[in-house]
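**Student:** Residues per chain, in single letters:
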Amino acid sequence: MTTTSDKPLIHAQNVSRHYHLGDSTIPAVNDISLEIRPGEFVALLGSSGSGKSTFLNLLAGLDRPTSGAIHVRGRNLAAIDPTELARYRRDTVGMVFQSFNLLPRMTLAENVELPLRLAEVDRNDRAARVQSALEHVRLGARSRHRPPELSGGEQQRGAIARALVNRPTILFADEPTGNLDSVNGEQILLLLREIQTTLGMTIIMVTHERPLAEQFASRIVTLGDGKLKSDAPNSAAAVQSANATAAPAQSASNEVRP
Amino acid sequence: MKTRDLTELAFRNLREAILRNSLTTLGVAVGVASLVAMLSLGVGLQTLASQKLNRSGLFDAVFVSSKQGGRFMGGDGPRPTTKKNAPNPEDSRVLDESARQELQKLPNVVEVYPQVRFLAEVRLDGKSSNSNVVGLPDSDRFNGTFDGIKGKAFSSPTADEAILKSELAKELAPDPATLLGKEFVLRYARRHDTSAADVANEKDIDQQMDDMLAGGGVTFISQDKKLRIVGIIETDPSASFGGGGRVFMPLSVAEALEPAQPNDLREVVRTQGSQKPAYMELTVRVKNPKNILQVEEAIKKMGFNTFSLLDATRNLRLIFTVFDLFLGLFGSLALTVASLGIINTLVMAILERRREIGILKALGASDRDVRSLFFAEAGAMGLVGGISGVVIGWLIGEALTLGTTFYLKQQDLPGVKISSVPWWLAAGAIAFAVIVSLIAGLYPAARAAKLNPVEALRYE
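Those protein sequences? They're chains A and B, same order as listed. Start counting the first sequence at 191; every next residue gets the next number (our numbering). Start counting the second sequence at 262; every next residue gets the next number (our numbering).
No lab work stands behind these hints: they were computed from the structure. In this text the structure is predicted, and so the values were computed from the model without any measurement. Please note: incorrect hints may appear among the correct ones.
Here are the in silico distance ranges between beta carbons for each label pair [unchecked claim]: (1) Ala269/A <-> Gly589/B: 49 to 55 Å; (2) Ser322/A <-> Arg616/B: 52 to 58 Å; (3) Lys263/B <-> Thr215/A: 53 to 59 Å; (4) Asn605/B <-> Leu211/A: 47 to 53 Å; (5) Val598/B <-> Lys417/A: 53 to 59 Å; (6) Ser283/B <-> Ser322/A: 34 to 40 Å; (7) Pro198/A <-> Arg629/B: 38 to 44 Å; (8) Glu269/B <-> Asp281/A: 18 to 24 Å.
Heads up, the beta-carbon is just placed ideally off N, CA and C, and yes, glycines get one too.
The task is simple: from the sequences and hints, build the whole structure.
**Tutor:** What follows is the structure in structure tokens.
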């Protein structure tokens with residue numbers, strides 16, 4: 191069930207991220223202020239080079255802003271030390287990437303177990319949690335397979351299981367459908383929305399495909415040239431949410447890459 | 262990350278680039294092996310030298326003589342030893358049976374024994390040969406004196422058994438091996454004190470000598486003793502008695518024979534009023550050469566002269582310490598080269614695993630986690646390399662021993678163990694390999710930890 195409250199979970203204030211290239215400075219993100227509430231499914235929409243991925247990395251604690259502040263649950267990500275930031279990524283954040291980023295030599299289960307190892311979760315609890323996360327993305331039967339033995343859609347679902355296993359508050363997805371065909375891409379987004387509705391998780395997704403954003407996100411934030419262009423709730427998503435089923439994802443679970 | 266997880270991941274990562282990591286680990290192993298082989302050779306040779314020297318009875322022995330004997334032998338010339346001018350009791354203690362018992366009770370003393378050496382005739386199957394007979398102390402049964410023996414050592418300190426020097430055995434039988442188990446007759450001159458009381462009389466020493474030479478104090482009786490041959494030996498086990506013995510028997514058996522010895526005349530003279538026979542010299546074997554000084558002091562306090570080769574052992578130890586140091590330095594050079602291999606492998610691994618590091622960081626790994634992981638991998642290479650190196654080094658040492666023994670056997674000499682890997686060398690070498698590897702891993706680990714996750718994730 192989607193739960194949103196008035197108190198912002200993330201509060202970005204005048205966030206900028208500038209890169210230096212020789213003598214010139216490139217403002218990848220330029221003075222963006224934004225508030226995101228718990229349970230929202232926010233799509234960061236923009237063309238290539240608009241700064242949406244850079245902004246996502248800043249919110250996810252993978253990078254630090256050149257100026258401005260990002261408050262998450264009262265902590266300013268721009269001001270905390272690297273160890274605290276790593277802890278934030280480990281405990282509060284789940285990350286899903288365009289290129290899946292599963293470690294190819296580990297089995298799916300081992301990949302999903304990685305965040306639990308980093309969080310020093312008791313060994314006895316790990317197997318059950320890994321299995322539960324894999325079943326959540328309907329990959330329970332594929333735990334012993336290595337990523338190269340799985341299809342793109344399965345790999346991305348595996349990556350989602352890995353992002354979920356530590357029970358994060360916010361799920362960041364950077365172009366999660368970028369490497370998938372339209373059918374698989376839609377299944378992934380259905381899965382993300384299911385996670386948002388059933389677990390009440392906040393999802394922030396970067397995409398350059400407006401139709402997908404409109405179909406699944408509850409709010410669409412558009413960026414261009416590193417600046418915030420528009421920020422509006424997506425009323426269409428609510429309608430589509432009612433029709434959404436998990437059936438397509440289920441049917442894809444046995445798909446194996448040749 | 263917990264240590265167990267870190268170790269698991271480290272070994273897993275090492276397995277993934279198995280060829281490269283194996284070669285690097287092999288580099289460490291070769292370095293450690295050269296270190297271990299060199300040091301084991303040093304330790305082995307030192308042990309061998311100490312054993313051989315200890316066996317010679319020179320370095321763990323204090324030679325005790327009466328102070329009076331010392332003066333007697335020192336060239337002061339014969340002195341009248343009347344009651345009036347006799348040295349005070351502390352100064353003139355007689356080296357007799359009671360002194361021997363007292364010496365035996367001193368701390369760190371293993372055994373006290375006199376020199377028993379006499380000329381005798383060996384008779385066997387119609388053949389006879391004159392030979393020096395030497396009594397060997399019981400400790401010789403356990404300290405390697407009889408290494409390389411054909412047959413076996415004495416079964417007990419009181420057994421009527423003999424060991425023959427191989428040259429004598431060859432004289433007695435064309436095939437010396439056939440002598441083992443056979444009995445032979447030892448014909449010797451037995452000493453018989455006839456007028457010990459006379460010796461105690463207030464005669465001056467010249468008179469005593471005259472009496473004795475005239476047969477007044479001692480008679481010699483020809484006597485036979487049956488002994489069974491239990492062993493034939495190439496090397497001379499009587500080195501500490503000046504060597505030259507051809508028949509060896511347990512010391513207590515030899516003492517019981519009361520044979521006439523070359524120094525009988527002097528002994529009779531020095532008994533000096535004591536009814537009991539005195540020894541010319543007693544050998545005190547100490548537990549460890551390092552106890553020599555202390556035992557020597559104690560004996561001196563008892564009023565005897567002492568002599569030992571303590572300084573010689575000190576110099577020997579110094580030589581071997583320098584020797585070990587040089588061997589260790591050469592061995593360490595190989596390990597230093599191997600550590601460069603570790604640095605190279607890990608730096609390459611950072612380039613190759615950039616993306617993986619980025620993923621780990623995105624999943625919440627701290628700089629410390631990444632650093633520890635690379636550190637653990639370096640340590641694991643050091644550990645595996647160290648253990649394999651110790652095994653390889655030990656094998657090299659064994660091969661050297663085998664080769665040397667083979668060569669010595671060809672020269673008709675007993676084999677020796679020239680290399681030795683004591684537990685402290687094995688443990689030290691492994692620890693050294695791990696430490697060197699960890700130091701080698703410092704830079705790569707720090708570099709990996711500093712990687713920016715966004716840049717690392719962008720890396721293809």
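**Student:** Please list, smallest to largest, the hint numbers that this structure does not respect.
**Tutor:** When the structure is compared with the hints, numbers 2, 3, 4 and 7 turn out to be violated.
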